[in-house]
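Residue strings, one per chain:
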Amino acid sequence: MATYITAINEMLAKEIADIPHAVFYGENIDTGSRLSGLARNFKVADSSLLINTGNCEYTHCGIGFGMMLNGATAVLFAKQLDFMLLGMDHFVSTYQNIRAHRDIRTLGSFTIVVVAYDQGFQGPQSSFNALGDMCSVARVPGYTLTNNQDSAHIIRTQLRQPGFRFIALSQRHSPKEFLQLELIHVARDSAVFQYTEGSEATIACFNFTTPEGILLHQKLRERGLTSSVFSVNNVFPHDWSSIKRSVSRTGRLVVLDDSKSINLLGYALLHEVAEACPVSKRIIVTREADIDFGVSPDRFQIDCDALVSRLVSEPSKEPTVV
Amino acid sequence: MNTRANFARQALEMEMIRLRHWQHIMNEDLKKKLFTVPIHVAFGSEAIAVAVSNIMTSDDQLALTHRNMAYNLARAGALKPVYEEYKLSGSGVSGGRMGSMNMVNPARGIVYSSSTLGNNFSVACGLALAKRAKREPGVVIVTTGDGAMEEGGFYEALVFAKSQRLKLMIVVENNNHSMSSTIEQRRCDIAIEKMCEAVNVRYKLLATNDVFEYVPVLSALRTHVDEQATPLCVEAKLALMNQHAGPTPGWPADPMNVDIKNGMVVRDSVDDPLHVLKQTIGAAEFDKLAAQVSSQKWN
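Taken in sequence, the protein lines are chains A and B. In terms of this note's numbering, the first sequence has 161 at position 161, counting the first letter as 1, and numbering is strictly consecutive. Each position in the second sequence, counted from 1, maps to that position plus 322 in this note's numbering.
Treat the hints as calculated values from the structure; they're not laboratory data. Computed from a prediction, not measured in an experiment: that's the story for all the values here. Glycine residues also receive a C-beta, built at the ideal position from the N, C-alpha and C atoms. Heads up, some of the hints might be wrong.
Unchecked claim - Partial list, derived from the structure: chain A residues whose beta carbon lies under 7 Å from chain B: (1) 23; (2) 45; (3) 50; (4) 52; (5) 66; (6) 67; (7) 92; (8) 101; (9) 103.
What the hints assert, rightly or not - Between beta-carbon pairs, the in silico distance windows are: (10) A/156 - B/459: 39 to 45 Å; (11) B/545 - A/40: 40 to 46 Å; (12) A/238 - B/527: 51 to 57 Å; (13) A/156 - B/527: 38 to 44 Å; (14) A/303 - B/474: 44 to 50 Å; (15) A/303 - B/358: 54 to 60 Å.
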């Protein structure tokens with residue numbers, strides 16, 4: 001069975017192989033480990049370019065917007081999400097500038113495929129993983145890849161779209177077996193995926209937490225409880241009514257969000273669910289900062305047994321933060 | 323001089339005077355606080371702007387800075403669409419959506435103007451790389467100032483453009499100012515020629531403010547960029563002859579007291595491209611053209 005990184009690399013390699021007049025670029029994408037396997041065995045169309053670049057992330061981001069402005073397809077592959085902080089000015093200001101006078105449908109395509117370093121030992125400097133924060137500031141779409149279904153759908157439908165977006169991978173999932181799920185439903189904008197249908201609990205997985213959500217689903221099943229598992233892959237879900245409908249049936253919601261942020265999208269879902277289903281039991285599992293508003297621990301681990309116990313206890317109107 | 327060359331020369335003369343006059347009109351309304359957006363008048367940029375505009379082919383593209391008035395007027399060939407953009411009117415050159423510092427005119431090759439210092443370097447590299455990928459003709463010209471070129475993106479763009487053999491012409495307008503700070507007040511001297519030499523990028527200094535010199539020189543440099551598929555850097559020495567950006571809160575009154583009543587020429591020195599033009603074509607011819615331009619209703 002392929003690992004997460006190998007399987008996604010194969011999907012990407014297949015998708016980009018026939019895109020004409022495109023530019024695929026990034027640091028070390030054609031040498032060495034090819035970004036730890038992310039860009040391995042890339043072959044591009046004769047009319048396209050595969051460029052191994054120097055180390056200048058800010059400029060890489062501006063280049064993508066320039067190519068997009070001229071109608072080209074540009075895909076930047078980057079090792080770490082925190083490197084992209086250098087491009088924030090372009091994400092916010094340059095793209096806003098372009099969108100102010102150009103219809104996105106008339107633009108080329110610019111996608112940044114990037115790995116969030118969240119494996120637990122990168123250290124405090126290089127472990128920024130909150131894709132949602134970056135997308136929120138710039139008001140741009142950003143998609144996380146966590147399993148066979150969301151990866152295939154997002155790469156197929158979003159990679160070549162006009163305009164700009166992030167597609168982000170998780171380093172902590174990279175060496176693991178690629179999660180294989182059945183798909184019940186996917187929103188047309190690739191924002192919300194549903195993998196299981198159950199009647200006792202609803203599990204909403206944000207950022208890269210789908211594997212943990214599936215684990216909780218399995219633990220509940222061992223106790224004879226069925227659950228609906230959703231993943232919210234885009235930071236701008238236009239419609240998560242399917243999650244709210246599920247909670248209205250199950251009466252229980254668990255939100256998992258591993259983003260290192262004090263501004264979680266999961267809180268917005270909790271708020272909406274609280275208004276729509278006030279009697280539901282709601283639990284959110286996040287990373288707690290280990291200093292006030294400061295560094296969060298690298299590892300994201302959930303205590304499934306404790307969560308199951310909480311879920312099966314008496315309903316509470318107040319959300320619980322774990 | 324043959325008829326065609328004479329005609330081209332007269333057209334340049336008229337473009338220079340017209341561009342100065344239009345800036346005067348804008349400056350007078352700026353002093354009356356008729357604009358809500360900050361406007362960066364560019365007295366002193368006429369020679370380089372008119373020359374750049376004249377060497378561009380229909381396939382070329384411009385990526386400008388916030389101080390883009392001279393280039394936008396030169397490319398538009400008219401005052402009204404630019405003026406209307408400053409008024410944020412729908413009839414403006416960018417539909418009233420971009421205002422001053424981000425003004426674009428794609429139909430005339432101005433595809434991006436950055437109000438953020440230095441963001442246009444990398445965007446210009448992307449424009450040029452897209453041309454290469456799509457096998458499209460033309461060069462990309464990116465302008466900057468002695469302030470914006472302090473940004474790290476300038477160096478990164480030089481390296482990237484050279485590495486990827488991009489058809490990119492960088493024009494550094496060195497007016498010795500970043501807002502109110504002179505170079506000496508804010509940093510050490512930067513030898514742009516040596517920066518270019520370090521990455522094997524050709525460099526050319528333009529310092530005469532003579533549009534008749536600039537056009538053939540820039541035309542030859544553009545051909546070099548296009549035929550050799552290589553970036554190139556031009557440094558144009560300019561003088562700052564007007565206030566920073568009009569009604570900027572806290573900004574003092576125009577220190578140079580530029581006034582349309584004082585005539586086309588702002589400064590009687592080679593700092594002023596219109597002074598240079600007047601010396602070149604003679605006062606009688608210059609005054610005749612100036613009177614002709616001034617008598618027309620432009621706005």
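Hints versus structure:
The beta carbon of residue 23 of chain A is positioned within 7 Å of a beta carbon in chain B (closest approach about 5 Å), and the interface hint is therefore held. Proximity of residue 45 of chain A to chain B is violated relative to the hint, the smallest CB-CB distance being about 11 Å (cut-off 7 Å). For residue 50 of chain A, the suggested interface contact is broken, since its CB lies about 11 Å from the closest CB of chain B, more than 7 Å. At about 10 Å, the closest approach between the beta carbon of residue 52 of chain A and any beta carbon in chain B exceeds 7 Å, and the interface hint on this residue is violated.
Evaluation of the residue 66 of chain A hint against chain B yields a held restraint, the C-beta minimum of about 2 Å falling below 7 Å. For the restraint placing residue 67 of chain A at the interface with chain B, the shortest Cβ-Cβ distance is roughly 4 Å, inside the 7 Å limit, so the hint holds. Of the supplied interface hints, the one on residue 92 of chain A is violated, with its beta-carbon coming no nearer than about 9 Å to a beta-carbon of chain B, more than 7 Å. At its closest, the beta carbon of residue 101 of chain A sits 5 Å from a beta carbon of chain B; the interface hint therefore holds under the 7 Å criterion.
Evaluation of the residue 103 of chain A hint against chain B yields a violated restraint, the C-beta minimum of about 12 Å exceeding 7 Å. The hinted window of 39 to 45 Å between residue 156 of chain A and residue 459 of chain B is violated, with their beta carbons roughly 34 Å apart. Between residue 545 of chain B and residue 40 of chain A, the C-beta spacing of about 42 Å keeps the proposed range 40 to 46 Å intact. Distance hint check for residue 238 of chain A and residue 527 of chain B: the Cβ-Cβ separation is about 54 Å, which falls inside the suggested range of 51 to 57 Å.
Between residue 156 of chain A and residue 527 of chain B, the C-beta spacing of about 52 Å breaks the proposed range 38 to 44 Å. Range check, residue 303 of chain A to residue 474 of chain B: Cβ separation about 46 Å, and the 44 to 50 Å hint holds. Between residue 303 of chain A and residue 358 of chain B the beta carbon distance is about 57 Å. The supplied range of 54 to 60 Å therefore holds.
Checked against the numbered hints above, the structure breaks hints 2, 3, 4, 7, 9, 10, 13 and satisfies the rest.
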